[in-house]
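Work out the full structure, taking the sequences as your base and the hints as a guide.
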Amino acid sequence: MIGKSTLTDIIAGTNRGLLANVGQQQAILAAIANLEDFNPTPRPLAASHLLEGNWRLLYTTSKALLNIDRLPFCKLGQIYQCIRVETNSVYNIAEIYGVPSLEGLVSVAAKFEPVSERRVQVKFQRSIIGLQRLISYTSPGEFIQQIESGKKFTAFDFPIQSEKQQGWLDITYIDDDLRIGRGNEGSVFVLSKT
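With the first letter of the sequence shown counted as 1, position 128 gets the number 161 in the numbering used here; the numbers rise by one all the way through.
No wet-lab data here; the hints were simulated from the structure.
Some hints could be false.
[As the list claims (entries may be wrong)] Listed next, the in silico DSSO-like pairs over lysine-lysine satisfying Cα-Cα at most 27 Å (straight line):
1) K156 - K96
2) K185 - K108
3) K144 - K184
What follows is the structure, given as structure tokens:
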């Protein structure tokens, strides 16, 4: 069995997938598939204590996320997915760097609904895009508290028509500090708990 450390070793240096060559991509997908075969939590959605919390993206094949790095003057910083089980909420937060003092943030808030023991239906509800200093962004946890308190931000802050913007995610592996998911667009996500 290929272990977690093997997967994280292969992922290291790929900048969340941005720099992964074809050989690395194949090795990573093989290591992911191997770990999924030995998922210690066969009913991940029943393990809310594992799901809950802030997760940092280690690797993805999602073009939507990786393409942020290809925007002019932009470099993708950390990407977080923060899950709040009690309210069935998920927050995706991407930190953007480039021109000094113009650091940005791209965030999407969504609701999730379990549809099987490992699949959630995700309905996107709100997007916030702006400069970190105008939003007063310091950390994912504090930012989410502000969102949940109903704060409107000095940013592009707009609702999303969830009927049109939705998808699903299978949680194919989860333990105390690593989560693997596969999305409806064929994307793979590997995250570590922060």
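(request) Of all the hints given earlier, name the ones this structure violates by number, lowest first. (result) Of the numbered hints, all hold.
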